[in-house]
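Q: Listed here are the chains, written in short residue letters.
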Amino acid sequence: MRIKAKAKGDYTEVKVMFKHPMLSYREAKKKGKKADFITYVTATVDNEKVLEVSTSQFLSKNPYMKFKFKGNAKGKEIVITWVDLLGKTKTGKAKIK
Amino acid sequence: MERRKFLGLGAGAAALFALPAGLMAENYRKTLPALWKVKNDEKHADDEKGVNEAIKTLFGSDKTEEGKVHLKAPAIAENGAVVPVSFKAEGAKRIALFQSADPEAAVAVFDIPEKAIPDYSVRIKMQQTGHVVVVAEIDGKLYKADKVVKVTVGGCGG
Numbered sequence: 000m001r002i003k004a005k006a007k008g009d010y011t012e013v014k015v016m017f018k019h020p021m022l023s024y025r026e027a028k029k030k031g032k033k034a035d036f037i038t039y040v041t042a043t044v045d046n047e048k049v050l051e052v053s054t055s056q057f058l059s060k061n062p063y064m065k066f067k068f069k070g071n072a073k074g075k076e077i078v079i080t081w082v083d084l085l086g087k088t089k090t091g092k093a094k095i096k
Numbered sequence: 000m001e002r003r004k005f006l007g008l009g010a011g012a013a014a015l016f017a018l019p020a021g022l023m024a025e026n027y028r029k030t031l032p033a034l035w036k037v038k039n040d041e042k043h044a045d046d047e048k049g050v051n052e053a054i055k056t057l058f059g060s061d062k063t064e065e066g067k068v069h070l071k072a073p074a075i076a077e078n079g080a081v082v083p084v085s086f087k088a089e090g091a092k093r094i095a096l097f098q099s100a101d102p103e104a105a106v107a108v109f110d111i112p113e114k115a116i117p118d119y120s121v122r123i124k125m126q127q128t129g130h131v132v133v134v135a136e137i138d139g140k141l142y143k144a145d146k147v148v149k150v151t152v153g154g155c156g157g
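Line by line, the protein sequences give chains A and B. Counted the way numbering that gives the first Met the number 0 counts, the first sequence spans residues 0 to 96. Counted the way numbering that gives the first Met the number 0 counts, the second sequence spans residues 0 to 157.
Here chain A stands alone, though its shape is the one from the complex:
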């Protein structure tokens, strides 16, 4: 997971890229694999939620997301977690610049 988080005045902007094949049902069938894609992502700063999204197989491979939240969170840590269809989960952390 690659995270770039930057405080910009009165808000903070986060760009994140997840490493994930995002195999749709059809793509998986062609490859003889199980469908596997990220289904749910959350992000928190100071234990407060700043992102919550449920996702489908139609996000691109290695999905990219940009989102914003209120407040200048410079120096704080952002924690981003995803869950995929197979129940796998991954958490990434980054310091907000």
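Derived from the structure by calculation, the hints contain no laboratory data. Since the model is a prediction, treat every value here as computed from it, not as a measurement. Be aware that a few hints might be false.
Claimed, not checked - Heads up, simulated BS3-like pairs for lysine-lysine below, C-alpha to C-alpha not over 25 angstroms straight-line:
| id | chain 1 | residue 1 | chain 2 | residue 2 |
| --- | --- | --- | --- | --- |
| 1 | B | Lys87 | B | Lys71 |
| 2 | B | Lys36 | A | Lys69 |
| 3 | B | Lys36 | A | Lys33 |
| 4 | A | Lys87 | A | Lys7 |
Based on these hints, arrange chain B on the given structure of chain A.
A: Positioned in the frame of chain A, the structure of chain B alone reads:
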């Protein structure tokens, strides 16, 4: 035994209701499995029937108004595997993203936490030319933005 069960349930329910809305996690994959199964008509990707059905499944209504939602998507996407899409809707409680090009209509549902700014960019897959649709729930009303993205398959135009 029955009584204890009942009491336990009551306490659990009370605790659940006591949580502020912002802390209640909503994973729509778990709470609304039907949403992700709503099919598009792949042979008629211009048809938004699947998208409208998915909107209704999620929001309980497909009655939408214009405005308040800003959607940015390319008019022509050379690579359907990576189509950049941005959208924002001030004051939105929920924003959902759909398309009419793939086997199913739903792409993503954003619940907007109190601290979040409803302004997002993602990259999506489109197997053919079709509509990209964003619906935002603002003050109990639904607002929709709709854009056609032309997908040139295999980079050979079309």
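Q: Are the Cα positions of Lys87 (chain B) and Lys71 (chain B) separated by 25 angstroms at most?
A: 9 angstroms, holds
Q: Is Lys36 (chain B) close enough to Lys69 (chain A), meaning Cα to Cα at most 25 angstroms?
A: 34 angstroms, violated
Q: For the pair we were handed, Lys87 (chain A) and Lys7 (chain A), check the Cα-Cα distance against 25 angstroms.
A: 33 angstroms, violated
Q: Between Lys36 (chain B) and Lys33 (chain A), is the straight-line Cα distance small enough, at 25 angstroms or below?
A: Holds, at about 17 angstroms.
Violated hints, listed in ascending order, are 2, 4; each of the other numbered hints is respected by the structure.
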